[in-house]
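**Student:** Let's have the full structure, built from the sequences with the hints guiding it.
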Amino acid sequence: MESYHLKRIDFIFKNENDWKDVLSRALASDKQLILNELMESELKGRGGAGFPTGLKWKLTADEKSDEKHIICNADEGEPGTFKDREILTQVPFKVLVGMAICGYVIGALKGFIYLRGEYTFLMPELEKAIKEFEYYCKEINFKFSIKIFLGSGAYICGEETALFESMEGKRGEPRNKPPFPTKNGYLGKPTVVNNVETLAHTYTIFKYGAKQFYDLGVQYSRGTKLFSVSGDTPKAGIYELELGMTLEQFVDDFGDGDTKAVQVGGASGFLVPRKLFSQTIIGFKGKLEGHSLPTGGSMMLFNSSRSMFNVLSNYLYFFHEESCGQCTPCRVGCQVLLNGINEVKKGERSTLYLDKLLQLTETMKQTAKCGLGQSVANSFSSIVENFKEEMIY
Amino acid sequence: MDNISTTIKTLVKKHGKKRESLLPVLQGIIKQENFLSEYAMVLVATELDISAAEVYGTASFYSFMNHKKGGKYIIRICKTITCSMKGKIQVLQAIEDMLKIKVGDTTPDGLFTLLETNCLGWCHKAPAMLINDEVYTSLTPERVREILSEYLTKNK
Amino acid sequence: MGKNISITINGKKIEVPQGTTILEAAEKATFHIPTLCYHKDLCVAGNCRVCVVEQVGNQRLLASCATPAEENMNIITNSLKVRNARRHIIQLLLAEHKSDCTKCYKNGNCELQKIAADLRILDQEFTELKTWKAFTVDKHSPSIIKDDSKCIRCQRCVRTCAELQGVNALSVSGKGSKMHISTFMEKSMVDVVCTNCGQCVNHCPTGALVEKNYIEEVWMALADPEKHVVVQTAPAVRVGLGEEMGAKPGTRVTGKMVSALKQLGFDAVLDTDFTADLTIMEEGTELLNRLKMFLANGDKNVKLPLLTSCSPGWIKYLEHMYPEQLDNLSTCKSPQQMFGALAKTYYANAKKIDPESIVSVSIMPCTAKKFEAERPEMHDSGYRDVDYVLTTRELAIMIKQAGIELLQLEDSKYDSLMGDSTGAGVIFGATGGVMEAALRTAYEIVTGREVPFKNLNIEPVRGIEGVRSASVIIENALPGWDFLNGVELKCAIAHGLVNAKNIMDKVKAGEADFHFIEIMACPGGCLGGGGQPIPTNPEIRRKRTEAIYEEDEQMTIRKSHENPEVLKIYKDYLKEPLGEKSHHLLHTKYTPRDRY
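In order, the protein sequences belong to chains F, R and Z.
Under this note's numbering, residue 399 is the last one in the first sequence; the count climbs by one each step, no gaps.
Under this note's numbering, residue 157 is the last one in the second sequence; the count climbs by one each step, no gaps.
Under this note's numbering, residue 597 is the last one in the third sequence; the count climbs by one each step, no gaps.
These are computed hints drawn from the structure, not numbers from a lab.
Keep in mind that the hints are not guaranteed to be accurate.
To be verified - Pairs of lysine-lysine residues, derived as PhoX-like cross-links and limited to a Cα-Cα distance of at most 25 Å, are as follows: (1) R/K19 to F/K195; (2) R/K155 to R/K70; (3) F/K189 to F/K70; (4) Z/K544 to Z/K293; (5) Z/K104 to Z/K82; (6) F/K137 to R/K14; (7) F/K116 to F/K153; (8) F/K134 to R/K32; (9) F/K176 to R/K10; (10) R/K69 to Z/K179.
Claimed, not checked - Computed from the model, here is a short list of chain F residues facing chain Z with C-beta under 8 Å: (11) E328; (12) Q332; (13) R337; (14) V338; (15) V342; (16) E349; (17) K362; (18) T369; (19) Q372; (20) K375.
Backbone N, C-alpha and C fix where the C-beta goes; we use that ideal spot for every residue, glycine too.
**Tutor:** What follows is the structure in structure tokens.
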């Protein structure tokens with residue numbers, strides 16, 4: 007028998023055959039009530055950024071426009087994240103219902119699922135589900151259609167404005183913000199972009215009410231979250247857990263007994279060394295004690311056999327390829343960082359160069375155009391600061 | 002009309018002439034041809050009334066849109082962190098040894114192209130690879146040899 | 002709409018209309034923020050990040066070019082945080098860029114160099130990436146050199162090619178560290194739809210896109226005592242050249258330029274305006290002939306509207322994009338090429354010079370003229386008609402090399418033969434100018450009266466709108482032109498190829514109800530040409546336009562058909578417009594090209 011330290015929760019993957027009822031019930035209720043419910047649940051975006059979902063829907067609903075869109079972001083590209091694939095495989099109807107209700111609330115007749123090219127094999131089943139779903143919508147006289155838009159291998163397209171560009175047939179280069187998608191999104195129309203998991207959570211909230219969701223988790227980080235657990239762990243896989251746990255609790259449950267560090271939030275997240283496990287809380291910003299780390303759900307565990315230099319180098323390689331390349335700090339910065347750690351490692355540059363590179367990541371955080379370039383600093387500084395000796399020797 | 006122009010006309014008919022159709026159209030071509038030839042890109046540009054440079058520029062942004070002729074099967078092995086930790090190097094070595102090609106190359110018989118790619122989203126079952134759209138996980142050198150043997154037999 | 006916003010910049014409170022960016026607001030408050038990817042001609046990209054500023058209370062810095070001012074924003078454009086970030090960004094660009102400034106054609110006129118100098122970046126903080134080693138310089142085009150090793154990926158060229166010109170020969174390709182500016186399949190500029198207009202060159206902040214220069218070749222010719230070197234100067238050069246020497250935009254330096262050219266050692270300094278006037282005679286006659294065949298003879302196969310053919314960028318664009326409309330294009334060569342053909346025939350005859358020893362140089366506001374001079378069909382004199390084409394910028398370099406203080410020079414007059422010009426020839430340099438010059442002449446030929454506009458200024462064809470139209474009703478025509486009585490002669494004007502596309506799509510669809518259309522490849526016409534001083538922007542174009550029309554008003558003769566040398570050449574040599582000699586020397590044919 008395995009011993010659990012953390013309570014397993016089963017909302018998302020619970021097989022529920024009542025999606026038609028949930029949809030019909032929502033469509034029969036007042037839009038404002040739906041928004042209120044969503045806001046009361048304090049659900050925040052599960053893609054990693056954690057924007058309040060209810061507010062996003064409300065802002066888009068408040069916009070006046072002849073056309074609006076709801077897009078389900080299934081461009082799950084963050085290293086170490088694989089939960090969305092599983093949701094779309096196991097409970098696609100929850101996502102479709104979430105999209106349709108959003109469409110109803112904001113006034114969108116069309117929904118899109120932006121599916122990453124790596125998940126092309128999901129298409130046949132997903133299309134079947136959509137067909138059945140649309141058939142039901144027609145039956146109940148609800149005008150709403152869903153189309154899958156397939157990506158083609160570009161991590162940055164998970165950034166919502168890059169995603170719009172990609173859907174518009176262009177290079178997936180993030181746009182300047184403002185304007186924000188709620189005002190000016192796909193084809194210039196107000197658009198809600200929600201992560202797959204976020205939409206699946208809305209299903210739970212609409213079915214069971216906001217309270218059940220709200221009662222889980224902690225202040226500012228309500229409800230549950232799917233975690234994609236990988237790396238040096240005997241329990242690699244997907245787990246639904248309450249937000250607000252400490253990393254120590256997590257490692258007690260999922261570690262292999264020799265966990266040296268955990269990367270929270272994928273390559274764009276933070277590396278937490280063992281000494282900080284107990285004071286690191288998994289949740290969104292705003293928690294009062296300790297460091298609070300948001301995550302799209304990626305938890306990568308590293309044991310003492312792993313070189314943190316290799317880890318960082320792998321991330322930086324990833325970023326220097328996957329940066330869209332349009333803005334200077336990200337395009338050139340990633341290359342300079344990657345070269346820089348190698349130079350220091352080889353002894354071509356003094357260790358003081360690492361401090362210069364740390365300052366550079368600070369500039370990248372302040373000046374990059376989108377989240378990708380801004381977040382390279384996260385893994386870089388957390389790894390270099392905590393494992394400096396591994397960078398040098 | 003040649004094969005490819007028929008394909009493109011059909012694709013454009015299905016997806017429409019708007020710029021938004023560019024990716025689906027290119028994806029459709031790749032599905033059939035496994036790459037984007039110069040000729041195909043010019044045809045798409047003509048059909049969608051955009052410049053060929055834009056078609057090329059857009060396609061080159063996406064790592065699944067090759068414009069170099071590749072093999073019938075494109076192997077994309079994940080090189081991101083977890084797969085690297087879990088034996089991707091050995092798996093890659095096994096593929097290279099078996100097919101006698103390096104990353105970026107195509108076998109002389111035109112059957113396989115070997116590429117590396119970024120996170121495929123199978124970190125819990127690392128290492129992972131794609132062969133065209135098909136996923137293979139929890140790879141070992143032995144397993145990858147079996148998989149490739151099956152492809153070879155299929156194409157005897 | 003119309004709402005004002007109050008914003009504080011460096012402690013200075015100002016009001017700006019809603020929608021104003023922080024950068025524009027700062028400019029209004031007289032604070033300079035350095036920029037690279039920003040250009041007033043283009044949509045905002047916000048990708049170089051050089052223009053970042055600090056908003057008090059905000060962790061992140063804001064790209065001032067891309068961020069709208071908001072009520073009560075408190076902005077600091079020069080805080081320590083901003084300076085550090087800006088230094089970093091320039092250092093990054095320098096790590097990527099091939100910084101061999103002293104060997105660079107743009108040395109001294111490079112925006113990256115300027116900002117690096119302002120910030121006194123004295124050391125290479127970050128190890129050079131040397132990614133530029135992967136690039137080779139594309140020198141195959143006769144007009145433009147593309148050197149990716151100097152590129153900072155600001156995408157000004159890409160936006161120029163798309164937004165101003167609608168050509169999209171340049172695109173961004175690759176991503177991440179491999180992102181760069183390329184043509185279709187990385188082909189040479191000479192093998193793609195590039196029109197050679199040079200707007201990308203004019204908008205490039207660094208040395209990544211420059212004109213192919215022929216400065217040394219011209220110096221060699223000038224130094225050769227056996228050669229008789231003639232130079233022609235295009236109308237727009239005289240209102241641009243001064244800027245290169247530090248004069249304010251819109252300064253006219255016609256006489257000083259002639260003096261400078263004489264000091265440089267040219268044997269004859271002549272004027273393209275002369276052949277501009279000749280173009281009007283030929284093209285005007287061609288238009289009237291086509292109208293006659295169409296209206297009087299009822300020949301429905303006559304190709305109308307007639308399209309002007311002075312702008313070689315426009316011609317190549319048409320050859321690529323609308324090859325089926327080539328018959329609408331006037332068969333007249335551009336003034337440069339008419340001049341070239343006559344220099345080695347008519348001029349050589351009259352001056353008793355062996356045409357073989359003539360070197361024909363032209364000073365143009367244009368890079369496409371370099372390509373035009375290289376066209377195989379441009380050898381009607383029996384030699385290459387125009388040997389070397391220099392842009393306004395190249396002439397400025399020569400003048401500086403020779404140590405000539407242009408602005409201090411006395412005025413000189415053009416030499417003769419082929420040095421006389423009229424106001425009509427001068428206004429060729431502005432959008433609408435060819436149309437105006439043509440109308441001044443055609444109307445008078447047909448009616449015997451001057452065009453019915455005050456002071457000969459045909460205001461309706463002037464202006465900056467991308468597409469304009471105007472019409473003149475013809476009454477009391479002279480005998481022989483009666484078929485034009487009551488006819489409303491309809492004209493249209495477009496400048497910037499993106500506007501040419503607008504109008505040509507209508508022509509193609511048969512929806513354009515015009516007799517005559519003037520199209521110039523560059524925004525503003527030749528005065529905004531790809532070979533003109535950098536920077537060129539809407540304000541500077543406006544100034545140069547004013548200068549062109551001033552120049553026109555000050556001319557004693559303002560109608561092409563009154564140019565004495567034009568009258569003389571028809572009497573002595575050509576006999577009549579569209580005559581046999583004209584046909585041979587002054588007209589040409591075109592080449593359909595692939596669109597992709």
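**Student:** Broken hints, numbered, in rising order?
**Tutor:** Hints 4, 5 not satisfied by this model.
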